[in-house]
Amino acid sequence: MYGFKAIKIPETDLTSKKESMDNLNSIKTCVKATDNNLTAIAYSKIKDDIMSNKFKPGECISGSQLAKILKMSRTPVREALNILANEGLVEIHNGVGIIIKSITYKDILELYEIRLALECIAVESLIVKNDHSNLFKL
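Heads up: the sequence shown is residues 7 to 144, going by my numbering.
If you are wondering where the hints come from, they were derived from the structure by calculation, not from laboratory data. Among the clues, some could well be false.
As a list, the in silico DSBU-like pairs of lysine-lysine whose alpha-carbon atoms are at most 30 angstroms apart [as the list claims (entries may be wrong)]:
1) 62 x 51
2) 53 x 112
3) 107 x 53
4) 74 x 62
5) 77 x 51
6) 74 x 53
7) 60 x 74
8) 107 x 62
9) 74 x 112
10) 51 x 74
11) 107 x 51
12) 62 x 112
13) 135 x 112
Taking CB as the label site, the calculated pair distances span [what the hints assert, rightly or not]:
14) 60 x 113: 16 to 22 angstroms
15) 66 x 134: 48 to 54 angstroms
16) 119 x 98: 23 to 29 angstroms
17) 98 x 127: 31 to 37 angstroms
Just so you know, even glycine gets a beta-carbon here, dropped at the ideal spot from N, CA and C.
Using the sequences provided together with the hints, build the complete structure.
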């Protein structure tokens, strides 16, 4: 009914196809690494701008605008903004933009609670080690 003809593919063609696939995979890896590097650059620049108060708390910014400012595509900027959102520095509102979060009184209290806990652990550690010379330095 259906006539299929079996064809034999020479070994050299299979080897060259495998090499081509290996080359393609290495190119994909390079592209992925470049995307990660661009994400790191975008993350670093945006975070620096937030910390230096270039972007004010409560300010609404656009991912597209950031991409233009950073002279890169929106994908690494979007990934960087997702990281910053997970860190609590920005809030992402689809259709609205990215809002720079402000530090609240509750955030400050949490930071002092963490600092107090770390200082207590440091003192306890020095007491356990009988390192009284460093204990008095605290």
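These are the hints, each one checked on the structure:
Under the criterion of a C-alpha separation no larger than 30 angstroms, the hint pairing residue 62 with residue 51 is consistent with the structure, at around 15 angstroms. Note on residue 53 and residue 112: the hinted pairing holds, with a Cα-Cα distance of about 21 angstroms set against a maximum of 30 angstroms. Under the criterion of a C-alpha separation no larger than 30 angstroms, the hint pairing residue 107 with residue 53 is consistent with the structure, at around 12 angstroms. For a cut-off of 30 angstroms, the pair hint linking residue 74 to residue 62 stands: about 19 angstroms separates their Cα positions.
For the proposed pair residue 77 and residue 51, the alpha carbon gap of about 12 angstroms is at most 30 angstroms, so the pair holds. Under the criterion of a C-alpha separation no larger than 30 angstroms, the hint pairing residue 74 with residue 53 is consistent with the structure, at around 16 angstroms. Restraint check for residue 60 and residue 74: satisfied, since their Cα atoms lie roughly 16 angstroms apart, inside the 30 angstroms limit. Distance check on the hinted pair: residue 107 and residue 62 sit about 9 angstroms apart at the alpha-carbon level, within 30 angstroms; holds.
For the hint pairing residue 74 with residue 112, the CA-to-CA distance comes to about 35 angstroms; that exceeds 30 angstroms, so the pair is violated. Restraint check for residue 51 and residue 74: the C-alpha separation of about 13 angstroms stays at or below 30 angstroms, so the hint holds. A distance of roughly 17 angstroms separates the Cα atoms of residue 107 and residue 51; the hinted pair therefore holds under the 30 angstroms criterion. In summary, the hint linking residue 62 to residue 112 is supported, as the alpha carbons are separated by about 19 angstroms, within the 30 angstroms threshold.
A hinted pair counts as satisfied when its Cα atoms are at most 30 angstroms apart, and residue 135 with residue 112 does not qualify at roughly 35 angstroms. Checked against the hint of 16 to 22 angstroms, the C-beta distance between residue 60 and residue 113 comes to roughly 20 angstroms, which is consistent with it. At about 50 angstroms, the beta-carbon gap between residue 66 and residue 134 stays in the expected band of 48 to 54 angstroms. In this structure, residue 119 and residue 98 meet the distance hint of 23 to 29 angstroms, their C-beta atoms being roughly 27 angstroms apart.
For residue 98 and residue 127, the Cβ-Cβ distance of about 35 angstroms falls inside the hinted range of 31 to 37 angstroms, so the restraint holds.
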